[in-house]
Amino acid sequence: MNSGKIISAKFTCISQELIKMKTNRIIVNALFLVCALLTAFLPCACDFDWIKTTQISGDVLNLYGDDPYTLDPALAGDSTSVKYISQIFCGLVAFGEELEPVADIAERWEVSPDNLVYTFYLRNDVYFHDGKKVKAADFKYSWERACNPSTASQTASLYLGDILGAAEVINGAADDISGVSVIDDYTLQVTLENPVTYFLEKMSYPVAFVIDQENVSAGEYWWTAPNGTGPFKLWDWVEGSELVLQANDQYYGDKALLDFVVYKILSGIEFDLYETGEIDVCSVGLDNIYRVTDADGEFYKQLCSSPELSLMYICFDCSKPPFNDVNIRRAFAMAIDKTRLVSLVYNDTVMRADGIIPFGMPGYNEKLSALSFDTQAALELISSSSYGDVSNLPQIVITSGGYGGYISAILEAVINEWRINLGVEVTVRQLDPNEFLYDIMDEKDNMFFWGWIADYPHPQNFLEILFSSASEGNYGEYSNSEVDLLLAMAAVEKNEEAGLELYRQAEQILVDDAACIPLYFGRSYILVKPYVAGYKINALGMVKLNEVYLLN
127 MNSGKIISAK FTCISQELIK MKTNRIIVNA LFLVCALLTA FLPCACDFDW
177 IKTTQISGDV LNLYGDDPYT LDPALAGDST SVKYISQIFC GLVAFGEELE
227 PVADIAERWE VSPDNLVYTF YLRNDVYFHD GKKVKAADFK YSWERACNPS
277 TASQTASLYL GDILGAAEVI NGAADDISGV SVIDDYTLQV TLENPVTYFL
327 EKMSYPVAFV IDQENVSAGE YWWTAPNGTG PFKLWDWVEG SELVLQANDQ
377 YYGDKALLDF VVYKILSGIE FDLYETGEID VCSVGLDNIY RVTDADGEFY
427 KQLCSSPELS LMYICFDCSK PPFNDVNIRR AFAMAIDKTR LVSLVYNDTV
477 MRADGIIPFG MPGYNEKLSA LSFDTQAALE LISSSSYGDV SNLPQIVITS
527 GGYGGYISAI LEAVINEWRI NLGVEVTVRQ LDPNEFLYDI MDEKDNMFFW
577 GWIADYPHPQ NFLEILFSSA SEGNYGEYSN SEVDLLLAMA AVEKNEEAGL
627 ELYRQAEQIL VDDAACIPLY FGRSYILVKP YVAGYKINAL GMVKLNEVYL
677 LN
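Sequential numbering from 127 applies to the sequence shown in our numbering.
By construction, these hints were calculated from the structure, which means they are not laboratory data.
Where hints are given, some of them may not hold.
Here are the simulated DSSO-like cross-link-like pairs (lysine-lysine), alpha carbons at most 30 Å apart as the crow flies [to be verified]:
| hint | residue 1 | residue 2 |
| --- | --- | --- |
| 1 | Lys-427 | Lys-620 |
| 2 | Lys-381 | Lys-258 |
| 3 | Lys-266 | Lys-620 |
| 4 | Lys-427 | Lys-381 |
| 5 | Lys-670 | Lys-381 |
All chains, full assembly: derive it from the sequences and hints.
Right, here's the structure in full:
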């Protein structure tokens with residue numbers, strides 16, 4: 127499930143629809159709850175003595191949060207889990223201020239002239255939270271575990287699959303990834319299947335992070351007491367109540383300026399908690415967007431807003447009737463007045479999406495030819511389809527993952543457009559978020575409401591992962607040989623602009639084919655208390671908490 131730039135801030139004004147999901151990091155409406163069985167049978171993080179060694183004191187940042195679905199980097203595909211994992215674990219590379227790959231545990235790297243072999247030189251001052259040194263062999267173990275079928279990772283093939291031999295491990299034909307070689311304790315050599323240009327960006331995703339083999343051997347739920355390498359460590363986690371991160375004094379990078387970060391889970395309404403001073407940062411939903419954007423209001427000076435590399439869209443199951451017929455897909459796409467919906471539902475606080483690559487991402491195409499809003503043309507497309515008339519269409523159900531039966535305003539508006547403009551009734555099947563998000567291939571109906579936030583700022587993260595015939599992230603099962611060829615060519619094109627042009631061509635075909643219905647690109651709106659400094663959420667929806675501090 128999955129889960130790639132611009133400026134600061136995630137928690138969008140659309141967060142009620144996008145509640146914390148990617149993979150990318152998928153961003154669909156969801157509250158991630160660890161099931162009751164975990165509460166009954168799993169050891170709580172506080173049962174591990176090496177984690178909880180002191181009391182909460184000093185500089186404490188209070189945030190609103192949800193329970194993570196998992197803290198296992200190999201399994202995480204939702205942005206709630208990734209949010210915590212990115213503070214607790216690290217990988218070879220990270221992203222810099224401009225969202226470019228920068229050195230992390232890898233101090234530096236060399237790339238062969240044919241772009242097939244990457245040699246990473248690791249820092250020798252990186253320690254797991256329990257004091258063990260991190261070595262090259264730990265990365266080899268971590269990646270091979272992630273690719274092992276018994277781990278059941280849904281992200282390993284997407285982000286590690288370019289490595290030579292990874293596919294054989296994923297398919298159960300081998301135990302070792304042949305393209306990963308430990309040269310010495312601090313040198314790791316990685317050989318790729320093909321010279322893809324985005325390999326370093328993929329190394330920033332959690333499935334590529336290093337984990338401790340001894341920690342994993344503690345049992346299936348080892349991640350309730352994770353022995354990571356990040357700037358924070360898990361100090362306590364009481365499900366449905368509170369998750370606490372403690373600063374890691376052994377961190378090799380810029381050490382945290384905070385002592386603790388406390389996530390208050392299911393503790394009330396987020397905006398109310400912010401207003402009463404119980405939390406220091408707050409995402410802004412539609413209910414309060416007018417209050418916080420009022421220049422004369424009490425919250426205006428605390429408001430931070432920035433673009434987000436995310437797309438909310440309607441995904442068709444292109445393998446099933448009626449959406450295996452391109453004319454039906456086009457008709458449904460052309461029957462939606464997105465300009466009006468974005469204005470009415472979001473008061474223009476998000477950007478209408480005509481294409482798939484978000485505004486601000488390399489490859490964004492201002493000249494893209496979109497499917498226009500044209501109800502007459504839409505009805506004519508249905509007439510020329512294999513169905514001939516809307517009365518001959520099979521039952522149409524759209525799947526959505528939402529908590530508490532909540533159906534987003536935009537989805538309701540879209541369904542109403544289809545009812546009015548096409549005369550088609552669409553039923554919503556609302557599922558538990560975890561059931562839907564992690565079992566999408568089994569749970570989807572002939573349409574589903576979906577979202578994606580970039581893992582890295584590269585068009586491949588949207589176009590190939592979501593629409594390539596061979597991608598496990600292609601949940602809509604769209605297939606087009608011309609698109610596949612363009613994506614394959616773009617992946618290895620050394621000239622950046624030539625590669626982006628290939629991606630633009632592929633995107634245009636996807637739009638013409640109505641592979642999905644893009645609705646809008648996201649934007650982040652958050653409130654930050656005046657005494658909190660350095661809290662910046664980037665366009666990938668992530669914040670470096672070790673850079674946050676409290677003013678006196």
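Problem - Distance restraint between Lys-381 and Lys-258, which requires alpha-carbon spacing of 30 Å or less - result: holds (18 Å)
Handout entry: Hinted pair Lys-670 and Lys-381, Cα distance within 30 Å
Key = holds (11 Å)
Exercise for the section: Would you mind confirming whether the straight-line C-alpha gap from Lys-427 to Lys-381 stays at or under 30 Å? Expected result: holds (29 Å)
Handout entry: Given hint Lys-620 paired with Lys-427 - CA-CA distance at most 30 Å
Key = violated (45 Å)
Problem - 30 Å limit on alpha-carbon distance, applied to hinted pair Lys-266 and Lys-620 - result: Distance ~28 Å between Lys-266 and Lys-620 Cα, so the pair holds.
In this structure, the one hint that does not hold is number 1.
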